[in-house]
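Engineer: So you can see what is in the structure, the chains are spelled out below.
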Amino acid sequence: MSQFDIQFTFNGETISAISGQSVGAALLAAKQRTLRKTRFNQKGRGVFCGIGVCFDCLVVIDGASNQRACITEVISGMKVQTQVGTNA
Amino acid sequence: MHNVVIVGGGPAGLSAALTAAVAGAPVLLLDSNPRLGGQYWRTPADNFGDQNENHFDLATGLKLINSVKAQSNIQVLSGAQIWSASHKDGVSTLRVIYQGSEKIINTGNLILATGAYDRSLPFPGWDIPGVMTPGGVQSLIKGHGVVAGKRVVVAGSGPFLLPVAAGLVKSGADVVELLEANKSWRWASSILVLLENLSKIKEGFYYIEAISKGKVRARFGQAVVGAYAGENGELESVDIAKIDRNFKIKKVRNIKCDVAAIGWGFTADTSLAGALGCKQVVAKDESVVVLIDSKQQTSITGVFAAGEITGIGGSELSMIEGEIAGKSAAKFVGCAVDISRSDLIIRAKKQRFAAALIKAYPIKSGWRSWLDEQTVLCRCEEVDLADLKDSIVELGATDSRTAKLLTRCGMGLCQGRICGRFVVDLVADQLNISPTDIDRIAAVSRPIITPIPLGVLAAGE
Amino acid sequence: MKNPDAIVIGAGVVGACCALSLTNAGLKVLIIDRGPVASGTTGAGEGNILVSDKGPGAELTLAIRSRDLWFDINTDIGGGFELEAKGGVVVSRSAKGISDLKKLSVLQKENGVEVIELDGAGLRKIEPYLSESVEYGVLYPGDAQCQPMLAAAQIIRAVKKRGGSFIQGENVIAINSNAGSLIGITTDKNNYSCPIVINATGTWAGEIAKLAGSHLPIMPRRGFILVTAPAPKIVHHKVYDADYVANVASSDADLQSSAVVEGTASGTILIGASRERVGFKADLDISILRQLARQAISLFPVLSSIGLLRAYRGFRPYAPDHLPVIGEDANISGLWHAAGHEGAGIGLSPATGELITAQITNQSTFIDPTPFSPKRFQGSEYVAV
Ligand SMILES: Cc1cc2nc3c(=O)[nH]c(=O)nc-3n(C[C@H](O)[C@H](O)[C@H](O)COP(=O)(O)OP(=O)(O)OC[C@H]3O[C@@H](n4cnc5c(N)ncnc54)[C@H](O)[C@@H]3O)c2cc1C
Ligand SMILES: Cc1cc2nc3c(=O)[nH]c(=O)nc-3n(C[C@H](O)[C@H](O)[C@H](O)COP(=O)(O)OP(=O)(O)OC[C@H]3O[C@@H](n4cnc5c(N)ncnc54)[C@H](O)[C@@H]3O)c2cc1C
Ligand code: FES
Chain A
1 MSQFDIQFTF
11 NGETISAISG
21 QSVGAALLAA
31 KQRTLRKTRF
41 NQKGRGVFCG
51 IGVCFDCLVV
61 IDGASNQRAC
71 ITEVISGMKV
81 QTQVGTNA
Chain B
1 MHNVVIVGGG
11 PAGLSAALTA
21 AVAGAPVLLL
31 DSNPRLGGQY
41 WRTPADNFGD
51 QNENHFDLAT
61 GLKLINSVKA
71 QSNIQVLSGA
81 QIWSASHKDG
91 VSTLRVIYQG
101 SEKIINTGNL
111 ILATGAYDRS
121 LPFPGWDIPG
131 VMTPGGVQSL
141 IKGHGVVAGK
151 RVVVAGSGPF
161 LLPVAAGLVK
171 SGADVVELLE
181 ANKSWRWASS
191 ILVLLENLSK
201 IKEGFYYIEA
211 ISKGKVRARF
221 GQAVVGAYAG
231 ENGELESVDI
241 AKIDRNFKIK
251 KVRNIKCDVA
261 AIGWGFTADT
271 SLAGALGCKQ
281 VVAKDESVVV
291 LIDSKQQTSI
301 TGVFAAGEIT
311 GIGGSELSMI
321 EGEIAGKSAA
331 KFVGCAVDIS
341 RSDLIIRAKK
351 QRFAAALIKA
361 YPIKSGWRSW
371 LDEQTVLCRC
381 EEVDLADLKD
391 SIVELGATDS
401 RTAKLLTRCG
411 MGLCQGRICG
421 RFVVDLVADQ
431 LNISPTDIDR
441 IAAVSRPIIT
451 PIPLGVLAAG
461 E
Chain C
1 MKNPDAIVIG
11 AGVVGACCAL
21 SLTNAGLKVL
31 IIDRGPVASG
41 TTGAGEGNIL
51 VSDKGPGAEL
61 TLAIRSRDLW
71 FDINTDIGGG
81 FELEAKGGVV
91 VSRSAKGISD
101 LKKLSVLQKE
111 NGVEVIELDG
121 AGLRKIEPYL
131 SESVEYGVLY
141 PGDAQCQPML
151 AAAQIIRAVK
161 KRGGSFIQGE
171 NVIAINSNAG
181 SLIGITTDKN
191 NYSCPIVINA
201 TGTWAGEIAK
211 LAGSHLPIMP
221 RRGFILVTAP
231 APKIVHHKVY
241 DADYVANVAS
251 SDADLQSSAV
261 VEGTASGTIL
271 IGASRERVGF
281 KADLDISILR
291 QLARQAISLF
301 PVLSSIGLLR
311 AYRGFRPYAP
321 DHLPVIGEDA
331 NISGLWHAAG
341 HEGAGIGLSP
351 ATGELITAQI
361 TNQSTFIDPT
371 PFSPKRFQGS
381 EYVAV
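Residue numbers (our numbering), protein chains in the order written: chain A, 1 to 88; chain B, 1 to 461; chain C, 1 to 385.
Hints should not be assumed to be uniformly reliable.
Dumping the calculated DSSO-like pairs for lysine-lysine here, alpha-carbon to alpha-carbon at most 27 angstroms [stated by the list, open to error]:
#1 B:Lys150 to A:Lys37
#2 A:Lys31 to B:Lys170
#3 B:Lys389 to A:Lys37
#4 B:Lys150 to A:Lys43
#5 A:Lys31 to B:Lys389
#6 A:Lys37 to C:Lys161
#7 C:Lys233 to A:Lys79
#8 B:Lys389 to C:Lys161
Calculated from the structure, these hints are not laboratory results.
If you're wondering where the values come from, they're calculated on a predicted model, not measured in any experiment.
So here's chain A without its partners, still in its complex pose (with noise of 0.2 angstroms):
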């Protein structure tokens, strides 16, 4: 198994993750779970489908919003938040 090798932020802490893992993954492996808020009922949801069919995964990555986090490729620096509704 590899090593952590790059770091980005999720709500401004840090995390650690293996390049080439996707957003999503690495956050799963930091116990981060709830990816975003839903529009109407503020409702947490995380990793469903894991392949980028449900959009589930929903989170804001350098200020983009709608971005899937399992078929992402976390980058180093990256600023990923959680999505509320459709913003940070």
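Mind docking chains B and C with the ligands on chain A? Use the hints.
Structural biologist: Here is chains B and C with the ligands on its own, set in the frame of chain A:
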């Protein structure tokens, strides 16, 4: 000679690419994933090292992937997502999002191998973080080296639960329950079919052995029918029910877990085929699949299809279908190649196995009784059962399309990929009718296959 | 339903509003549609209720009245169709466009439309993401918006609660009359006798007229709308380029579009709509989607990163003179037409219902109905395509 264009880099697309290229046709292979392999042979980036541990038979996959890469007349575009497509006068136009901009590909010879994704059924709490699909749990392990949780319940129906449970055990997770909703692992129900598919027995034993090492024992006739969140809003426990033959709840117990991986087989993703105008039909398991002839040709001349989009049947059937489609497409562009008798025999064998599986793992209508009024149906638009009923009882919807437009159910970002299939059943249930094939096919119609940024759209010609 | 006082053919927004108005006037109404509620153009369009895009004349009077009636209906039936008085902003970036817009807004103001002129700074105060290139615009606080399918469904629900009924899945195949007077209709399943029938079949109204031996030149004008993924609040009003007003009045067959950009209650942004006369041509035309996307981005550059999720296509019912057809048939008494509202059917439907009902029940009308009369096509050379 013209290119054969192939969409999908899973078992079917890879087999098709290699076969067509070996027959002499130049191939362009498009796949949305960063690495070839599709769902079955999903692998992480190279820096993760040897992945054999996480697979039953990665060797076959790697061999195929490497052959494809080594073949000089195959061009591979990974990370290429088709967002829209159309077909006119013998030419298919694929509009592809690739590295942040749009590429247009026109071809007269196309093979579709877009695969499938997990089939989900709703139940109270299925939207809580921690409830996942088995495929999702699997892809985290195979593609990212991440185990989704510590105490995992694996449930649903179908043989795919086995590799997922096995993968979890091997990765060190505690599989606290492995639940098959049907009465037994009913592979054995058709000995003949099994005997002609011996590799499948081997695969089955491989998984069972792995699971046994984790002291996991499968239980039958049981299902997860409720999920509960702890204070942090994340999964804390699930209700497990003994269910009858029709999936109606008999008796419920609660068990603590942090992940529940629940799946009910697969749903083919025929969006691209539908956009092109290929005829789709409703299969025995009520999923919508692409209609093909014996040459794997769709209703459109020069457009072929292979793998799960023609019917769920597993990686081996996908491969032989891919090979046949590859030959057909190569022949179509003038290569001297023919489908052999043995190709057809192998495909028929695998098809019998697939058919036996579908028969062995039926999804019975009793699941509808697990829902309560507040159960979310459309996860994207947060439409619950009460909303759906209201659109029928109060607003007079008499078909799933109208119910969808009145409630937004299925109109969110996933475009009904998750809920569309079961909403058709729920609407029909409310109206006391059976869904028509037209309803089912309409529910998977997605002319815009995946969202495209307006800026990318605007920049195209 | 036995012996209805009136039958409305068509369960789109126009049919729904006619039915509600007739019901409220005390008639027992039966609505018949070959499909489900709002399965025609009503389920394929946007929900703009505009006063801003109409120059002085009968249609503007109808639009102003109709806009107010929408709010009355909202109160009357208890809402449920996302009616919102959000206001429209019309902008222009060319010298000619600006001077035309100024002239138009002066005339509109004289006719009772509230207009507020805004400069670049004023515009960006109410639409912070509007392109820096926009320096002039007019705010129309009267413009409103609803969700048309829900509107039709909620109105029909109210009609049913008030004693009316709705039969779906029956195709009207004959209009029956006797000595110039209507006696009923025949569907593919049943016969209905009734002295009053309202033809609210939108783009297909010409076919119903034909069944009655009359001529109604209603034709389809195709339109596409883009629907984005749910997005942060970027657009606060319905915002469009003044070219749109020119397009609406045009008879040119070629593709025209001028993006009207607006946010919806569900968070999606709608960008619509194109206008073309290509008959009932159904295929998704990507070049039109691109054009709409370009126009929307030129108004709101940040839209560039927002994802397109769906595109709708619908066929607006239009008459050669671009005015709706509201009134009694030229040949058969008891047969009434309420159709041909083109790209304004959502906005104009309540006033249409009121106008029809007033004429049927011999009440005074709020406007002289002559310009809308189907009789205007008598002996005309127009042929429906
Ligand atoms: C998450 C998951 C895990 C699975 N794991 C196993 C397993 O362990 N064992 C097993 O026997 N079976 C597994 N399956 C079942 C599996 O689908 C089949 O056995 C096999 O992978 C099917 O092969 P295929 O070539 O038909 O499709 P897939 O392998 O699904 O490949 C389809 C490919 O097409 C691409 N694609 C789809 N649409 C587009 C588009 N519009 N543009 C560009 N590319 C597109 C996809 O990204 C994908 O790479 C799994 C399925 C899923 C969903
Ligand atoms: C892209 C687009 C955008 C638009 N945007 C707007 C907007 O923002 N604001 C606005 O005001 N308007 C807009 N419109 C216009 C508006 O949608 C229409 O004017 C309006 O919906 C017409 O309503 P209707 O009830 O007359 O017709 P429809 O909604 O088409 O209803 C007619 C009904 O008659 C039924 N029918 C037809 N023939 C028969 C038969 N023989 N027997 C039984 N039933 C029959 C049909 O099934 C249908 O349900 C837009 C239109 C389009 C296409
Ligand atoms: S988890 Fe389904 S899209 Fe990411």
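Engineer: Determine for every hint whether it applies to the structure shown.
Structural biologist: How the hints compare with the structure:
1. Simply put, Lys150 of chain B and Lys37 of chain A have alpha-carbon atoms about 24 angstroms apart, close enough for the 27 angstroms limit, and the pair holds.
2. Distance check on the hinted pair: Lys31 of chain A and Lys170 of chain B sit about 20 angstroms apart at the alpha-carbon level, within 27 angstroms; holds.
3. Restraint check for Lys389 of chain B and Lys37 of chain A: the C-alpha separation of about 25 angstroms stays at or below 27 angstroms, so the hint holds.
4. Between Lys150 of chain B and Lys43 of chain A the alpha-carbon distance is near 23 angstroms, which keeps this suggested pair within the 27 angstroms criterion.
5. Between Lys31 of chain A and Lys389 of chain B the CA atoms are separated by roughly 37 angstroms; this puts the pair beyond 27 angstroms, and the hint is violated.
6. Distance hint between Lys37 of chain A and Lys161 of chain C is unfulfilled; the C-alpha atoms sit about 38 angstroms from each other, more than 27 angstroms.
7. With a C-alpha separation of about 22 angstroms, the suggested pair Lys233 of chain C and Lys79 of chain A falls inside the 27 angstroms cut-off, and the hint holds.
8. As the CA atoms of Lys389 of chain B and Lys161 of chain C are separated by approximately 18 angstroms, the hinted pair is consistent with the 27 angstroms bound.
In this structure, the hints that do not hold are numbers 5, 6, in rising order.
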